[in-house]
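Undergrad: All chains, please: the whole structure from these sequences, using the hints.
Chain order of the listed sequences is Z and G. Okay, so the first sequence: first residue is 520 according to my numbering, each after it adds one. Okay, so the second sequence: first residue is 6 according to my numbering, each after it adds one.
Treat the hints loosely; a few may be bogus.
[What the hints assert, rightly or not] Chain Z is faced by these chain G residues, among others (derived, beta-carbon under 8 angstroms):
id: 1; residue: 137
id: 2; residue: 203
id: 3; residue: 234
FYI, nobody ran anything at the bench for these hints, they're computed from the structure. From the three backbone atoms N, C-alpha and C, an ideal C-beta is built for every residue, glycine too.
Now for the letters of each chain:
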Amino acid sequence: MEKPKHKLLSFAYFLESSKVYNKIKKFVYDLIENDEYKYKRYFDIFMIFVILSSVTLLVMDVKRHIPHWLDDFDLYFVTTIFVVEYLLRMWVYSDIHKIIIDEYEESSYFDKEVSYYSLFTNIAKNKWAYMVSFSAIIDLIAILPSYRGLRVLRVFVLFRAFKMLRYTKSLTGFLYVLKNKKFELMTLLTLSTFFIFIAGIMLYVFEGDNENPNIHNLFDAFYWALITISTVGYGDIAPVTPEGRIVTMLIIFTGIGLISFVTSIIVSSFNERLSVLREDRVVQEVGKKKKLTVVCGYGLLGRLVVKGLQKEGVEFVIIDRSEEMAAVAYNDGYHAICADATKGTIFEKLGIDDRISHVLCLTSDDIQNAFISVNVKSLNSEVYVTARCSDQEIATKMEYAHVDQVIMPEEVAGMMGAVYAGEPVAFEVLLSIIEEKEKTHINEIAIAEGSFLDNKMIGEVDFERLRLILLGVFKRSEESKLGEFIFNPSDEFVLNAGDNLVCIGYSTAVANLKRKM
Amino acid sequence: MQIQKDILLFGYGTFGRQLYKNLRSRGHKVKVVVGLDDYVEVESDSGVDITRINIKRNDDILALNVNAAESIFYCAMNKTANNLFLVLTLKSLYPQANVIANSNSNETTRKLKYAGATSVIDLYEATSRRIVNVLTKPAVSMALDEIVYKQNDLQMLEIELKENTFLEGKYVSEIKFRQMGIILIAIIDKELGYELVFTDHRINHKLDAGDILVIVAKKENISKFQEMLKKG
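TA: As structure tokens, this is what we get:
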């Protein structure tokens, strides 16, 4: 009794530690379940093609018989694919070997023998949970038509069309809505069933005994009740007695009420879902970007910053707590999400671990900004956080929380304003180069390896001819990417690849130099 | 070197306080004026000269007794509407007055300019550029920090040429500014009609008295340069 147990256990441990096995399982999981995986799309398209071909064959078969080989294609190829897919989904749903290991560890902890009975019921229970899930049932029914003995099973081919829901994400949103409003819809369904039941019986009682030639049995009466209450009203069965007509009038009113009720429930549910759907879409759209900047707060400053980022081609997404502001940003044509940036959820969704590179906290509330900064830094301290602040005391606290850049708009503007008092011309120059109002900007140029500036002395470069004023150079160093700023380097200063020149000049002059490089 | 001005600062909110601090550190004389019911947060020992008036009344403003030609007015009230109204009042009382107003958007800037503000400082424009620069042009951002924002050795300033300096009558290209540790960024040339010209254009200017040079340099080199200018 001892030996097979150990075999099972050692096999489970073997699977647990096998790199190849885990890699294959991960790949299969990604391919059929993981929406983020880039090759899943091809799998989805392939499955949709298989399903459509099967449905097409069903329709073609109605009028004329399809050739034998096509029938074989349907019978063997499509079925095999569906069966394999079904089994794979069941496989990746959970790890059996983990259940085995858990079971063994638990029993060894309590010094007990492992009971095969509980082990196998656990495994069966686990997989059964998958088999009774909605989509698994659909998958199973879609396999059934392959059994040619029963003609009626052919209709189940259409369940294969249902399977397509799996491969198109937008449709699952609708199912979600139905699921969300299950209680309301069930109540209405019960109510309408009740009405149909009562009205059908009443009509049968009034007109069933040969008064109405169209009503042969109770089924006809229920059929009439459903057609009437749904306001479809084919008219193939119509009441002929005054009593029957009174029943009709009553259930028409009820029917109108019920239908509008159902409509309003579904519409309101969609509205509730709308922001979530939009959020999902934005997350998906920005999900492909490798370096993402998150702008929190779409106020006056947020708008300006976003405009600048857009111009520079930085990938960003806006988060605002207020629904209204998020909508404004969205209508301005940006990726925007209405969410609470003081919570971790939204950042995790956007990929705080690998995708987000910068977070800008630009709300008008200092405490809110500090809150967001701490939130982000606690999730991933590598992310560069810029926070806006209007109070020196709060700025100190932010610095304590390792916020990378604390910026005070009032301080910056106050400094500029003070320059104006004594030096109006310098002020104008500042405005021009800082706010980029004129054509002359301040810009940086990295020296490329082997370019004509590599290993040159400053004196040898004719900046005047390049139409640039050289302010200084950031010499590349081992410790930091930029190194120290060397203002006005002397003529003997040697430039190397990786150094950054900071110049003032027309953007065309800068572009010209970059091109030469 | 810098001319000390008389300054009237309207409003003492977050921005107003920063402005006050910076103006004082540059040695200007600042008088703060606030509305009657404005809340002002002042440390008792800061020695800020604060007057409370009814901003809406012309008489109250006239009673401040300012020499409008020599002063600069800063409108730094918290509310845009108040600033706009103040600019209108000041310009109607003193048509020649030098009025600077703070704004929070392009929209407000347009209105303030129309109302007659000499210059408008956007609270967020420079900040937003700075934030964007950190992301896209880190070197520029750090260079600007060194030159403009940090209080350190490096400064940007303007120098008006007096009569009989050693620069008089010389061309810009003849003078080795860089060897003096000075970078000349822009010039206002009287002969060209007071237009600001950046020196990247390679237009060879002849320097005369009255021209204004905008330079960036270390403090020590600035004082050396000024000594040389004085010697003539």
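Undergrad: Any of the earlier hints contradicted here, and which numbers?
TA: 3
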